[in-house]
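**Q** Once you've looked at the hints, go ahead and assemble the two chains, each given alone in its own frame, into the complex.
In the order they appear, the protein sequences are chains A and B.
Just so you know, the working numbering puts 64 at position 64 of the first sequence, and the rest follows in order with no gaps.
Just so you know, the working numbering puts 97 at position 97 of the second sequence, and the rest follows in order with no gaps.
Since the hints were derived computationally from the structure, they do not count as laboratory data.
Among the clues, some could well be false.
Stated by the list, open to error - Using C-beta positions, here's what the derived DEER-type ranges look like:
1) Arg277/A with Glu202/B: 28 to 38 Å
2) Gly88/B with Gly88/A: 15 to 25 Å
3) Glu13/B with Gly88/A: 13 to 23 Å
4) Ala213/B with Val77/A: 22 to 32 Å
5) Lys73/B with Leu158/A: 18 to 28 Å
6) Gly88/B with Arg220/A: 33 to 43 Å
Note that CB positions come from ideal geometry on N, CA and C, so glycine has one too.
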Amino acid sequence: MRFYILLSLNALTVASLYFLVASGFSLIFGLLRTVNMAHGAFYLLGAYVGYDIASYTGSWLLGLAGAAVAVAAVGLVMHLTLLRTLSGDELRQALVTIGFAIVVGDLLLARYGGITYQFAPPEILYGTTPMPVIRGYPTIRLVVIASALLVGLGLWLLIHRTRLGMLIRAGVDDRDILSAMGFNVQRVLVLVFALGAGLAGLAGVIGGSALSVSPGEDARFLLSSLVVVIIGGMGSLAGAALGALLIGFAEQFGLAFIPNYATLLTFLLMVAVLAVRPQGLLGRG
Amino acid sequence: MESTNSLVVSGLEVRRGALPVLHGVELRLDGPSLAILGRNGAGKTTLCSALIGLLPAGRGSIRFNGVELAGRKPHDIASQGVSIVPQGRRVFPSLSVDEHLRLMQGRRPGPWTAERVYEVFPRLAERRRNFGNQLSGGEQQMLAIGRALLTNPRLLILDEPSEGLAPKIVDHLLEVLGSLHRDGTSVLIVEQNLRVGTSAAERVAIMSGGQIALVISSRELWEDDGLQQRYLGVASH
Chain A
1 MRFYILLSLN
11 ALTVASLYFL
21 VASGFSLIFG
31 LLRTVNMAHG
41 AFYLLGAYVG
51 YDIASYTGSW
61 LLGLAGAAVA
71 VAAVGLVMHL
81 TLLRTLSGDE
91 LRQALVTIGF
101 AIVVGDLLLA
111 RYGGITYQFA
121 PPEILYGTTP
131 MPVIRGYPTI
141 RLVVIASALL
151 VGLGLWLLIH
161 RTRLGMLIRA
171 GVDDRDILSA
181 MGFNVQRVLV
191 LVFALGAGLA
201 GLAGVIGGSA
211 LSVSPGEDAR
221 FLLSSLVVVI
231 IGGMGSLAGA
241 ALGALLIGFA
251 EQFGLAFIPN
261 YATLLTFLLM
271 VAVLAVRPQG
281 LLGRG
Chain B
1 MESTNSLVVS
11 GLEVRRGALP
21 VLHGVELRLD
31 GPSLAILGRN
41 GAGKTTLCSA
51 LIGLLPAGRG
61 SIRFNGVELA
71 GRKPHDIASQ
81 GVSIVPQGRR
91 VFPSLSVDEH
101 LRLMQGRRPG
111 PWTAERVYEV
121 FPRLAERRRN
131 FGNQLSGGEQ
141 QMLAIGRALL
151 TNPRLLILDE
161 PSEGLAPKIV
171 DHLLEVLGSL
181 HRDGTSVLIV
191 EQNLRVGTSA
201 AERVAIMSGG
211 QIALVISSRE
221 LWEDDGLQQR
231 YLGVASH
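So here's chain B without its partners, still in its complex pose (with noise of 0.2 Å):
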C-alpha cells in the first residue's frame, strides 16, 4: 500500500487569543510527505495546532481525503485519521513506557502494534517500566512517534521532532518517517533545522509571517543559499 492522502489547507485563519497568527494559510500534500521550514514565529506550531482540532480555525477548510476537519473536536479529528507528535514531546510523565502503549492501542485498526513500536524503538523495550519523566529527550521523542503510531494514523504530523536531540538519533528517527509511506500513513514534519526538513520529504513549504510563503522540492532549497537566506535566517553548509 503506498500513501495516497490528501490534506488541503484553504484560506485557514487562526488566533492565539486576540492575535491573528494564520493569515488564510494554503496548503497541499498529496503523497508520501511534506515539509514545513520557517523561522520561529512563522505560525508553523500554531498550524498543527489548528489541523488537530486544539485551536478554532477563525476562518477557511481543512480537507483530509475529502473530509472537512475544521470546527471538529480534537478527538473527532484523531478518529479521522490524524495524529501528532507534539512539540516538546509532551509524553505523560505519570504513565510508563508500557502504560503509553497499552493505552493507545487497538483504538483503530492497523498495522500498528506495542510490539511493533518496541521492534522499531528496542531502546523503549528496555525502558518499559519507566516513566514519562524519567526518559531522556530521545527516548521521549520515540515514545510520542510510537504512541502517535498506535493510532495507526493515515496522517502522521510531526512539530519540530528534531529539536534538542543528537544528529545519531534524529537519523534513526528520519529513517522510521521514511518507512512509514509503505503502511499508507502520510508525514507532514514541521522544522526549523534544514537539514531534517529536506531529508524527510522530497517537497519544502516555506512558512512566513502566518502564510505559505513559496514550496519548492527539497534539493532546489538546500542548494538556494538566497532562499535559505531569505527565508530561513540560516546557511545551510
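For reference, chain A alone in the conformation it holds in the complex (with noise of 0.2 Å):
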C-alpha cells in the first residue's frame, strides 16, 4: 500500500512538471499552429537564469520571478524578430524555432558548461512533509504539484473568465474569421507566446529544484511536452493536463514494474492514442 501511495505522488510529481512545461507549448502551438521547437530551450534557460538570480541574491522567489519575466521576454523578442516575419508558414517558423534552441543550448553550455547545478531553495521546502500511511514525503516534490495545480487553475480562469480567455478560444477555433471580425490576431499571438516562454521558464526554476539542471533536459522536456500535446490535443489545457498525467503514471509505474521497457510504454500510449483519436484525447477534429 506504502509502495504504491509513493509510486502514484512520484507520478504526480513528473506530471505537474510535465504539465507545467507543456501547458505553454500546447497554448502556443494550438494558437500559432506552429511546433514551438525552441520550447525545451525556454525550460533550460529558465532553469539558468534562475539559478543566477538566486544564487546572486540568495533568494528563490525572486529567481523564479526573474526566470518567468526573462525568458518571457526572450519569447517575445524571438515572436516579434523570428517568427512574425514568417507568419503563415509553419513549416519555416518550426524550423527557425529549432535553429534558435540549437543557438541557445550551445549558449548555455558555453557559459554553464556540462555540469550539474542544484538549486538551493529555501530551508523550509528541503525537509519532509509528514503525511499518513507514507510517514512523509519531500516538501519540494508537493511544491512542483502545488505550483502545477495553482498554473492550471490560473490558466483555466485566463482563459474561461476573461476577455483574453475569449480572444484565445476563438483564435484556436478560426484565426482567420477573428482577424476578420476586426481583432488584431498578431497581438493576441505575441502575448500567449510570451505567456507560454514565461511559463515553461518557471517550470525551469521549478524543475531544477525538485531535480537538477544539466544540459540535455531542454530536449527531455521537449520531447515530454510534444508527447503530452499529441496525447491530450493541442491548445486545450484540459488535454495537456490529462496527457501530463498520464504520461507521468505510466513513466512512473513502467520503471517500477516493467523497468527495461518503461520509455516504451510513453511511446505506446502515443501510438494507441494516434491510432484511435489523431487529435487528441481532449482535441477537436
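**A** Structure below.
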C-alpha cells in the first residue's frame, strides 16, 4: 500500500512538471499552429537564469519570478523578430525555432559548462512533510504538485473567465474569422507566445529545484511536451493536464514494474492515441 | 438613415495558391443591396475572401466609400466597416453564444448591441449558454449574423447564408437582412439559391468563370428561364 501511494505521488510530481512545461507549449501550438521547438530551450534557459538570480540575491522566489519574466521577454523578442516575419509559413517557423533552440543550447553550454547545478531552495522547501501511511514526502515535490495546480487554475481562469481568454479560444478555433471580425490576432499571438515562454521559464526553476539543472534537460522536456500535446490534443488546457497525468503515471509505474521497457510504454501510449483519436484525447477534429 | 455606401471593385485578380480564380472582377454596389449569383466554382467565395482581406488581391482595386481596401489586413478592413457572415457559418465552437456577442460588442460605435441581437433572434437568447458547436444550423447562422452585426458594419457580406437551412428560417433571415438598410448598412449577398438571391436584393450580379458576366434586375432574372439555364443551370419554377 505504502509503495503504491509513494509511486502515485512520484507519478503526480513528474506529471506536474510535464504539465507546467507543456501547458504553455500547447497554448502556443493551438493558437500559432507552430510547433515551438525552442520550448525546451526556454525551460533550460529559465532554470539557469533562475539559478543565477537565486544565487546572486539569495532568494529562490526572486529567481522564480526573474526566470519567468526573463524567458517571457526572450519569447517576446523571438516572436517579434523571427516568427512574425514568417507568419503563415508554419514549417519555416518550426525550422527557425529549432535553430533558435540549438543556438540557445550551445550558448548555455558555453556559459555554464556541462556540470549539473543544484538549486538551493529555501530551508522550508527542503525537508519532509509528514503524511499519513507513508509517514513523509519531500516538501519540494509537493511544491511542484501545488505549483502545477496553481498554474492550471490560473490558466483556466484566464482562458474561461477573461476577455483575453475568449480571444485565445476564438483564435484557436478560427484565426481567420477572428481577424475578419476586426481583431488584431497578431497581438494575441505575441502575448500568448510570451506567456507560454514565461511558463516554461518558471517550470525550469521549479523542475531544476526538484531535480537538477544540466544540458540535455531541454531536449527531454521538449519531447515530453510534444508527447503530452499529441496525447491530450493541441490548444486544450484540460488535454495538457490529462496527457501529462497519463505520461507521468505510465513512466513511473513502468519504471517500477517493467524498468527495461518503461520508455517504450510512453510511446506505446502515444501510438495508441494516434491510432484511435489522432486529434488527441481532448482535441477537436 | 438610408444606406448610401458604395463598393467599387475593378480589375480584381485573385489566386488561390498557384491557381488564378478571379480574372478581373468588375463590380459596383450603390445603395442598400446587391446579390451575386453563380454556379459552384464561379469564384464567389474567393471574391468574398478577397473583399475582407483573407486572400490578397493580385491586381485591381477594391474601394469602399472611397477607401482602398486591397492590400489591407483583415482587421483593418473590418475597422472600415466591412463584416462577413462566412460560408459554413464558422461560429467559434469553444465560445458560448453570449461570449460571441460580448466579445464583439462595443468595438465600433453604432446601433447594434447584444440586447438587440437577442431581440431580433429570440432563439439565441434561449441558447445563450450553449457553445457554438451545440447549435443547430439555423441557430449558428443567426449567431454568425449577430456576430457580424455587432461590429456595426456599413457593408455586410453574406456568403451562402441559406445553405442547409429550412425555408422558414431563410425567410426570417431575409426579413432581418431587408431591414438593415434603415441603419445605413448595405448588404452584399452571395448565393447559389436563385429564390434567396433575388428576394434579398433588387439587383443581381451573375458570376461565371471568375468574372461578373452580367448585372441585371432581380425581377428580370426571375422571369427569364433562358438566363437562369445559361448561368445558373437551374430552372426556378
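**Q** All hints, please: hold or fail.
**A** We went through each hint and held it up to the structure:
no., hint, verdict
1, Arg277/A with Glu202/B: 28 to 38 Å, "violated (51 Å)"
2, Gly88/B with Gly88/A: 15 to 25 Å, "holds (21 Å)"
3, Glu13/B with Gly88/A: 13 to 23 Å, "holds (20 Å)"
4, Ala213/B with Val77/A: 22 to 32 Å, "violated (52 Å)"
5, Lys73/B with Leu158/A: 18 to 28 Å, "holds (26 Å)"
6, Gly88/B with Arg220/A: 33 to 43 Å, "holds (42 Å)"
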